[in-house]
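Peer 1: For reference, the chains in residue letters:
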Amino acid sequence: MRGNNIMGIIFSNLHEDLISEITDRRTMGAVPFGGRYRLIDFPLSNMANSGINKIGVLTKTNYQSLIDHLGTGKAWGLSKKRNGLFMLPPFANTSEYSNRMTTLNSIMPFFKNSTEEYVAISDCDTVCNIDYQKICSKHLENGADITVVYKRGHLPSKLHDPTVFSFDSKGKVIDVLINPNITGSCSYYMNMLLIKRELLMELITKCISKNTLNFKRDIIQAEYKNLNVYGYEFDGFAPMITSMSDYFNANMQLMNREIRQDLFRGDRPIYTKVRDDMPTKYGLGSKVTNSLIANGCIIEGEVENCVLFKGVRIGKGTKVSNCVIMQDTKIGADSNLNYVIVDKDVTIKNERTLMGFLSYPVYISKESVV
Amino acid sequence: MYPKQEVVAMLLAGGQGSRLGVLTQKLAKPAVPFGGKYRIIDFPLSNCVNSGIEAVGVLTQYQPLVLNEYIGSGQAWDLDSMNSGVRVLSPYQQVKGADWYSGTANAIYQNINYIDRYNPDYVVILSGDHIYKMDYSKMIAFHKKKNADCTIAVIDVPLAEASRFGIMNTNPDGSIYEFEEKPKQPKSTNASMGIYVFSWNKLRKYLIDDEETEGSSHDFGKDILPKMLSDGQRMFAYQFQGYWKDVGTIDSLWESNMDLLDPNIPLDLNDESWKIYSSNPVVPPHYVSSTATVQNSLISDGCDISGSVDFSVLFNNVTVKAGAVVQDSIIMPGSVIEEGAVVQYAIVSENTVIGKNAVIGARPEDIEDKDNWGIAVIGDNLKIGANAKVAPKAMISKDIEEVE
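Protein chains in written order, with the working numbering: chain A, 1 to 370; chain B, 1 to 404.
Hints were generated in silico from the structure; no laboratory data involved. Keep in mind that a hint or two might mislead.
Unchecked claim - Quick look at which bits of chain A chain B covers, simulated, 3 or more residues with Cβ under 8 Å:
hint, segment
1, 77 to 83
2, 255 to 266
3, 286 to 299
Yeah, the Cβ is synthetic: ideal placement off N, Cα and C, and Gly gets one too.
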């Protein structure tokens, strides 16, 4: 069933500095992932699959490739007469979008003109397949004002303002720590929450009037004692992309069959923009092991432990190991690559050698010629 | 009032394709999967849109569900404009009664109202059972230049094979003076491709006359074209050069899929300037595990390969488990080849499971009785039990029990 009482808000343009190489010319949401996706495909598909019909995508700068990717939202079933996808870039003044609070404040008319009772808010830098319907049921069951989504485990390194919760036996938040010094396992915030629309509007207005502009500190941390804030534990695959090596590892984890089945479930598929590529062609003498390969590639060489995006070419005699190779990159003959992240439309000529290391994969930027 | 369209294309997609056996039991021939991700109808539809034709009528009759669903709004081919695009035209009830489409010409006759609302100058008649890339706009330009009433696309075939086709015998200027349907002694090697361009005012008149002719079979090849020729209308043959294959039989369907693996055959589906569009399934990229070997094959999104795949075409979401062997075969969407199964020279239709250690088909060099060798075909949604054996050339439409 489509159409429920929830509207969605996606921050597509946060934390770019964590993977500054890949986000040099794109937003976090437009970062390519997993052979044929962009990071925004995950929150957007999750919301669409949960029956959320009205989704606003907030973006501030560098959003050409994001808009090109999303189009009218057709691929996510969000090109509709009634609601659908709303792109929400700032008006002329980007300073309005300098933090979450002012950004949300500047789209106040979007909230006012909506009729949905709840708002689901998500960032783009967590790759997962989550059902917002379940979060909403839990929210109603708990009689919560805010439900925050968390994961148990070690804090991802380099996470901006990591937020850690403690709960009582019923799952109600009883403590919120921001930037704590924790080494063991904890319940950390996945930057996803569900809140009543009117309450959100009220809290934002209050914070803006007091010039307290930190969403985590001034809403979640400041209000958990006054409001019913509950946690929702997500226990599936959910890497947060907080560094180049996290990005690399998250791609590599897709070689695991269970993880793929968890992330790309048949009943809640991850949608993306389609590009009519032919199936991938394996040449005579090609040798491919433990790799994830999208349509439209032509492989004549050796590929091992790699993610190949759409339209990649691997020439004869070339060996590519432990690499993430993005869309339409062409690698000539007799080259050798190990631990390399190659961006889109790169040309690597014949007989080139590029070597990185597991903890520090080499990155080759978009449209370079090697 | 519809904006005028200079050209309207009519795609004959109602045929059963009975020679494809189990593959067309539940769907019309144009909906048969092809080339790892396409269906046959993607080729004429993509040709239309790449040729600038904006109005396409698809005439359906036999088992239309899958085809209708696949065509949908036409969005996959950019054929979903406001006042044009693709329309599925099925037979319908009229004041004077209801008729099935009784022949190719009758099917167009019953949809004169569809064509008329675009007030076209030319109508292109296409069929949904050929694999080729063709710019129809060039053929229409030829038709205009020759001031023709009817232009028929022809392709040069080897003389030895000419007697299998409708042959067009032409004067030096390209005008046609004679048709011969499957001649024993062909005079030329110009085989009709079943692609016609008509000036609409002429065709419209001939369709109405033909409908009133007693004993007519209402067929383009048997009735309309011979009548136009005997009336002295201007009919020309348009030479097509390039890859063209009728995929109406199991052998030709198999061969045409295999042609995609041959770099010497001019059918490049990666050509940016003439893309073949299709409706894309929502599935992740395919995965090739550490135990897999894949050579000279086409593999589509969503596959999970742990066995050995050689000279084969795998559609989306096919699973080949460890120790299984797939050679010289076509595996359609969602099918599973279990551990140790061997599939050779076979077509496995959608969502079928080939059980452990089952053996499907055989290599021609491994079989003594060459006359009984052929492509083995397994229908859709079947279960072939473990250790079962399916002979070459067999056509399976029922589950097969496990063998001890």
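Peer 1: When the structure is checked against the list of hints, which entries are broken? Sort them ascending.
Peer 2: 1
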